[in-house]
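There are 2 protein chains.
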Amino acid sequence: MFICYKNLQRKGDEMRIPNHIGIIPDGNRRWSVDNGLSKDKGYDFGLDPGLSLYKLCKDLGVKEITYYGFTTDNTKRPPLQREAFVKACVDAVKLLSTQDADLLVVGNSDSPMFPKELLPFTTRKSVPKGSIKINFLVNYGWEWDLGNINSLKGEKNTSIYGGLNSSGVSRIDLVIRWGGRRRLSGFLPVQTVYSDFYIIDDYWPDFKEEHFYEALNWYDKQDITLGG
Amino acid sequence: MFICYKNLQRKGDEMRIPNHIGIIPDGNRRWSVDNGLSKDKGYDFGLDPGLSLYKLCKDLGVKEITYYGFTTDNTKRPPLQREAFVKACVDAVKLLSTQDADLLVVGNSDSPMFPKELLPFTTRKSVPKGSIKINFLVNYGWEWDLGNINSLKGEKNTSIYGGLNSSGVSRIDLVIRWGGRRRLSGFLPVQTVYSDFYIIDDYWPDFKEEHFYEALNWYDKQDITLGG
Numbered sequence: 001m002f003i004c005y006k007n008l009q010r011k012g013d014e015m016r017i018p019n020h021i022g023i024i025p026d027g028n029r030r031w032s033v034d035n036g037l038s039k040d041k042g043y044d045f046g047l048d049p050g051l052s053l054y055k056l057c058k059d060l061g062v063k064e065i066t067y068y069g070f071t072t073d074n075t076k077r078p079p080l081q082r083e084a085f086v087k088a089c090v091d092a093v094k095l096l097s098t099q100d101a102d103l104l105v106v107g108n109s110d111s112p113m114f115p116k117e118l119l120p121f122t123t124r125k126s127v128p129k130g131s132i133k134i135n136f137l138v139n140y141g142w143e144w145d146l147g148n149i150n151s152l153k154g155e156k157n158t159s160i161y162g163g164l165n166s167s168g169v170s171r172i173d174l175v176i177r178w179g180g181r182r183r184l185s186g187f188l189p190v191q192t193v194y195s196d197f198y199i200i201d202d203y204w205p206d207f208k209e210e211h212f213y214e215a216l217n218w219y220d221k222q223d224i225t226l227g228g
Numbered sequence: 001m002f003i004c005y006k007n008l009q010r011k012g013d014e015m016r017i018p019n020h021i022g023i024i025p026d027g028n029r030r031w032s033v034d035n036g037l038s039k040d041k042g043y044d045f046g047l048d049p050g051l052s053l054y055k056l057c058k059d060l061g062v063k064e065i066t067y068y069g070f071t072t073d074n075t076k077r078p079p080l081q082r083e084a085f086v087k088a089c090v091d092a093v094k095l096l097s098t099q100d101a102d103l104l105v106v107g108n109s110d111s112p113m114f115p116k117e118l119l120p121f122t123t124r125k126s127v128p129k130g131s132i133k134i135n136f137l138v139n140y141g142w143e144w145d146l147g148n149i150n151s152l153k154g155e156k157n158t159s160i161y162g163g164l165n166s167s168g169v170s171r172i173d174l175v176i177r178w179g180g181r182r183r184l185s186g187f188l189p190v191q192t193v194y195s196d197f198y199i200i201d202d203y204w205p206d207f208k209e210e211h212f213y214e215a216l217n218w219y220d221k222q223d224i225t226l227g228g
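Chains A and B supply the protein sequences, listed in that same order. Just so you know, we're using the working numbering here: the first sequence kicks off at 1 and counts up by one. Just so you know, we're using the working numbering here: the second sequence kicks off at 1 and counts up by one.
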């Protein structure tokens, strides 16, 4: 397709396109401050980038995307910021729910920090075409995620994946993080054990298509061994 | 101390020195090929770097180092390579055991792939001075590591750390990986949830002190939030 020929170093059908991309959309607060706004204002500016990224992934044949919304760690921030990122996540999920995608919200929904409007999305919503899976982490915590592995005790032929609270999210091939930090910050520790990490220094609200192509061109050159 | 003033951008006592550094000493096989040797030959050249790194860490007041020796995934490689990296790990542990350090070998010791010579090191050996902890992963697998979390079921006030098979290894502040790859390859998924990652493009046998200082100078500039 045209978009491939133009921006990717090899034709789309010759490139190794990751099946599953994890997105850490960091830097919203630093972006706000740089733009003379209070820290809570940046989250809204992350909505359009999220939708653009979905469209790029879908066009390229990526099978699954996981967005890092907010975490149980994040909820300890000042209330004004917390309300702003919760609202941005609710709006993002609603926006994505209008697209052609099978959508799942993953997080601790037993907690009062989980927005009730998103409860209907905690089981995957499949749509007729359903050409791509989207997972959106909301009030996610790595300890919460690993906290039920014990339920598998005694069962045979079960993997650790099956015991995760995030078991609806598959292994991630490529993690792209905006905002320059080189860390996972608790993002899906099991699904990322073999992931390749690509860091974009720009903040998430400054998302550009070029960031995405840069990450894919880099990923195409990696030797993927899954630990072997 | 002199080594600080010379190589670090700020004085050692003003810098944020990581308490715990994880070392992924990758690139031994690529180094071998680049140097006209067969792939199995590179591992031996990783012994001196490991000892040099220990000395640098000890001088700077790092409290704990974890070396990624070999994994259950790695044991699927050709026998000649496997024998070579197992031998190099045995030699490295023996070498480190002569130093002033509390040493622990962590890995699946029930498997025939675990070298019997290292069984005595699977409980931590404390020495009188014991100014630094060293952990060395041998026949380690992330699935093996997480496989016993279930044993905590029903116990109160226990964290996930306590249920790990690697529970003797604490949270890691900084992971330094040699050999250019930007991934964890199954390295301690729980202890690395908040770690900062620094990548050195040179292969591990080409270790230089400057790599280490470069990583520490970078780490000193990071904003550490532990997910908050």
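Read the hints as simulated data drawn from the structure, not as lab findings. Just to be clear, a hint being listed does not mean it is correct.
It does not matter which identical chain is used: a pair holds within one copy or between any two.
[Stated by the list, open to error] Simulated pairs of lysine-lysine, BS3-like, Cα-Cα distance not exceeding 30 Å:
| hint | residue 1 | residue 2 |
| --- | --- | --- |
| 1 | Lys-208 | Lys-221 |
| 2 | Lys-129 | Lys-76 |
| 3 | Lys-41 | Lys-129 |
| 4 | Lys-129 | Lys-39 |
| 5 | Lys-221 | Lys-39 |
| 6 | Lys-39 | Lys-63 |
Predicted model only: the values in this text are computed from it and were never measured.
Which hint numbers doesn't this structure obey? The structure breaks hints 2, 3, 4 and 6; every other hint is satisfied.
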